[in-house]
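Just need the whole structure built from these sequences, with the hints factored in.
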Amino acid sequence: MNAVQPDFHALFADAFARYLAVRPGGLQMPHGPLVSSLRVQLLLCRPARTLYENHQPRCRSLDGIQSITEGRACAACLLRKTCTPQIYIELLHDHVPYRLLLAYSSARNFMLFVSRLRQNGQPVENAEVLLSVRDRGRWGELRFISPLPQQPASPIARA
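All the letters of the sequence shown, read from the start, carry residue numbers 1 to 159 under our numbering.
Don't read these hints as lab results, they were simulated from the structure.
Backbone N, C-alpha and C fix where the C-beta goes; we use that ideal spot for every residue, glycine too.
Errors might be hidden in some of the hints.
To be verified - Distance condition first, Cα-Cα at most 20 Å in a straight line; then the derived SDA-like pairs of lysine to any residue: (1) K81 / Q66; (2) K81 / V35; (3) K81 / L92; (4) K81 / R116; (5) K81 / P47; (6) K81 / S37; (7) K81 / T69; (8) K81 / P97; (9) K81 / H55; (10) K81 / L117; (11) K81 / A107; (12) K81 / H95; (13) K81 / Q56; (14) K81 / R58; (15) K81 / L62; (16) K81 / S67; (17) K81 / L51; (18) K81 / D63; (19) K81 / E53; (20) K81 / G64; (21) K81 / A103; (22) K81 / E70; (23) K81 / I68; (24) K81 / Y104; (25) K81 / P57.
To be verified - Pair ranges (Cβ atoms, derived): (26) A75 / Y104: 18 to 24 Å; (27) M111 / D135: 18 to 24 Å; (28) R72 / V96: 29 to 35 Å; (29) N126 / P47: 18 to 24 Å; (30) T84 / G25: 35 to 41 Å; (31) V96 / A76: 20 to 26 Å; (32) P47 / W139: 19 to 25 Å; (33) R118 / R58: 33 to 39 Å; (34) A76 / M111: 24 to 30 Å; (35) W139 / S115: 20 to 26 Å; (36) H31 / R80: 20 to 26 Å; (37) L130 / P85: 23 to 29 Å; (38) N120 / R72: 37 to 43 Å.
Printed below as a string of structure tokens:
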């Protein structure tokens, strides 16, 4: 791996990334519509943590090690046990980078999806995924589906 690649990736992700929000009715695109499903490409996944107070994020770490809001190490934080463990995902949709933070059932579904990919000898990075949302009433649960390979157009038979 080229040593420049992680720096370029971080610059690219930070400069252009938009957060997707999981709602009961679908995925909320930033400054856009609510969509029922998205076909995406996974770029990166790693542990994350968020500390919530009154349902609002107070502190967040996108690597589970260092806070991006408080500027301190998670291991030294006295509030670490009250953080919500999450999975941070970077993905592409129509050549546009997006971010997702998964908690609880969506994270469980993602880990099951990753397990199936690995059992089939498929890499997680650059995997094509169909994201869909299951309506759970007050919250949405993200599902990860391996899309069927797209078949090439069949030649038209000539008479």
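Hints, one by one, checked against the model:
Our distance criterion of 20 Å between C-alpha atoms is met by K81 and Q66, whose separation comes to about 15 Å. With a CA separation close to 34 Å, the supplied pair K81 and V35 exceeds the 20 Å bound. The suggested pairing of K81 with L92 is violated, with an alpha-carbon distance near 32 Å, which exceeds 20 Å. As the CA atoms of K81 and R116 are separated by approximately 30 Å, the hinted pair breaks the 20 Å bound.
A threshold of 20 Å between alpha carbons decides the hint, and for K81 with P47 the separation of about 15 Å falls inside it, so the pair holds. Restraint check for K81 and S37: not satisfied, since their Cα atoms lie roughly 34 Å apart, outside the 20 Å limit. In summary, the hint linking K81 to T69 is supported, as the alpha carbons are separated by about 17 Å, within the 20 Å threshold. Between K81 and P97, the direct Cα distance comes to roughly 31 Å. Violation of the 20 Å bound is thereby established for this hinted pair.
Proximity of K81 to H55 is assessed by CA-CA distance (about 16 Å); at most 20 Å being required, the pair is judged to hold. The suggested pairing of K81 with L117 is violated, with an alpha-carbon distance near 31 Å, which exceeds 20 Å. For the given pair, K81 sits about 18 Å from A107 by alpha-carbon distance, which is consistent with the 20 Å threshold. As the CA atoms of K81 and H95 are separated by approximately 37 Å, the hinted pair breaks the 20 Å bound.
With a CA separation close to 17 Å, the supplied pair K81 and Q56 stays within the 20 Å bound. Straight-line distance between C-alpha atoms of K81 and R58 comes to about 14 Å, which keeps the hinted pair within the 20 Å bound. Taking the CA atoms of K81 and L62, the gap is about 16 Å. The hint holds against a cut of 20 Å. Under the criterion of a C-alpha separation no larger than 20 Å, the hint pairing K81 with S67 is consistent with the structure, at around 14 Å.
Between K81 and L51 the alpha-carbon distance is near 9 Å, which keeps this suggested pair within the 20 Å criterion. A C-alpha spacing of about 16 Å is found between K81 and D63, which places the hinted pair at or below 20 Å, so the restraint holds. This hinted pair checks out: K81 and E53 have alpha carbons roughly 13 Å apart, not beyond 20 Å. Simply put, K81 and G64 have alpha-carbon atoms about 12 Å apart, close enough for the 20 Å limit, and the pair holds.
Restraint check: the Cα-Cα separation between K81 and A103 comes to about 15 Å, which is no more than 20 Å; the hinted pair holds. Of the pairs offered as hints, the one joining K81 and E70 holds, with about 16 Å between alpha carbons and a cut-off of 20 Å not exceeded. Restraint check for K81 and I68: satisfied, since their Cα atoms lie roughly 18 Å apart, inside the 20 Å limit. About 16 Å separates the Cα atoms of K81 and Y104, which keeps this hinted pair within 20 Å; it holds.
Distance hint between K81 and P57 is fulfilled; the C-alpha atoms sit about 15 Å from each other, no more than 20 Å. Checked against the given bound of 18 to 24 Å, the beta carbons of A75 and Y104, roughly 23 Å apart, stay inside it. Range check, M111 to D135: Cβ separation about 21 Å, and the 18 to 24 Å hint holds. Evaluation of the 29 to 35 Å hint for R72 and V96 yields a pass: the beta carbon distance comes to about 32 Å.
Distance hint for N126 and P47: a CB-CB separation of about 20 Å, consistent with the stated range 18 to 24 Å. At about 23 Å, the CB distance of T84 to G25 disagrees with the hint of 35 to 41 Å. Separation of V96 from A76 is about 36 Å and departs from the stated range, judged on CB atoms against 20 to 26 Å. Taking 19 to 25 Å as the suggested C-beta distance range, the pair P47 and W139 conforms, at roughly 21 Å.
Between R118 and R58, the C-beta spacing of about 35 Å keeps the proposed range 33 to 39 Å intact. The supplied range of 24 to 30 Å is met by A76 and M111, whose beta-carbon atoms lie about 27 Å from each other. Take W139 and S115: their Cβ atoms lie about 23 Å apart, and the range 20 to 26 Å holds. Between H31 and R80 the CB atoms are about 34 Å apart, so this pair departs from the stated range of 20 to 26 Å.
Restraint check, L130 to P85: a C-beta distance of roughly 25 Å satisfies the suggested window 23 to 29 Å. At roughly 40 Å, the beta-carbon separation of N120 and R72 lies within the given 37 to 43 Å, and the hint holds.
Of the hints listed earlier, those the structure fails to meet are numbers 2, 3, 4, 6, 8, 10, 12, 30, 31 and 36, in rising order.
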